[in-house]
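Make a model of the complete structure from these sequences and hints.
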Amino acid sequence: MSDNTLDDLPLDDDARRFIAAHPHAAIVTVGADGRPKVVKIEVALLDGRLTSAGHADKVRSRRLRTDPRCTLYFADDGHRWLTLEADATLLDGPGTPEQLLRYFRIRDAKPTGPLDYHSDRSHHIGLDDDAFRQVMIDEHAVLYCFAVTKSYGNA
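In this text, residue positions in the sequence shown follow the working numbering: the first is 1, and each later residue adds one.
Be aware that one or more of the hints could be misleading.
As the list claims (entries may be wrong) - So the derived label-pair ranges between C-beta atoms look like this:
| # | residue 1 | residue 2 | range |
| --- | --- | --- | --- |
| 1 | Thr149 | Lys58 | 19 to 27 Å |
| 2 | Asp76 | Ala109 | 25 to 33 Å |
| 3 | Leu91 | Val59 | 14 to 22 Å |
| 4 | Ala32 | Asp128 | 34 to 42 Å |
| 5 | Ile106 | Asp76 | 19 to 27 Å |
Unchecked claim - Mimicking DSS-like on lysine-lysine, the simulated pairs with C-alpha atoms at most 25 Å apart in a straight line are:
| # | residue 1 | residue 2 |
| --- | --- | --- |
| 6 | Lys37 | Lys150 |
| 7 | Lys58 | Lys37 |
| 8 | Lys40 | Lys110 |
| 9 | Lys150 | Lys40 |
| 10 | Lys58 | Lys40 |
These are computed hints drawn from the structure, not numbers from a lab. Glycine included, every Cβ here is placed at the ideal spot set by N, Cα and C.
If you want it as structure tokens, here you go:
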């Protein structure tokens, strides 16, 4: 994983606050045909790194493994927006279920207690930590880590 943390990124405090207040983003990846492909993700800061979760077999995961360049676009309900150009690393090793547990606890602002998990594959309510980790394994979940190389916008 990159050593790039938000403290090292070309982001000022306003941009960091904007991301924290607006964690839903569009991620733009490059398709095999060279066209931009866009889907929605939700980010969180895990150990100072900008991260998101996905599945190993998703098209976006295959695209990012082939070409890690991506763009994240954040916007508020008004006219403020922030774009981050980044390189993504996908984590899917033995420690990933634990990292995903930590990511979801941060993302959902739930440091302790049972977690709910919803994906296009399954829905689980009230999972303890062990059950949550097992769902991450069963669903081949991955953690996307973004090393931001450039930022711009009016946020």
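Evaluation of the provided hints:
1. For Thr149 and Lys58, the Cβ-Cβ distance of about 23 Å falls inside the hinted range of 19 to 27 Å, so the restraint holds.
2. At roughly 19 Å, the beta carbons of Asp76 and Ala109 sit outside the given window of 25 to 33 Å.
3. At about 18 Å, the beta-carbon gap between Leu91 and Val59 stays in the expected band of 14 to 22 Å.
4. The supplied range of 34 to 42 Å is met by Ala32 and Asp128, whose beta-carbon atoms lie about 41 Å from each other.
5. Our hint of 19 to 27 Å for Ile106 and Asp76 holds, since their Cβ atoms are close to 21 Å apart.
6. Taking the CA atoms of Lys37 and Lys150, the gap is near 19 Å; set against the 25 Å cutoff, the hint holds.
7. Taken as a hint, the Lys58 and Lys37 pair is honoured in the structure, with Cα atoms around 13 Å apart against an allowance of 25 Å.
8. In summary, the hint linking Lys40 to Lys110 is supported, as the alpha carbons are separated by about 22 Å, within the 25 Å threshold.
9. At most 25 Å may separate the alpha-carbon atoms for a hinted pair to count; Lys150 and Lys40 meet this at roughly 20 Å.
10. As the CA atoms of Lys58 and Lys40 are separated by approximately 13 Å, the hinted pair is consistent with the 25 Å bound.
Hint compliance for this structure: hint 2 alone is broken.
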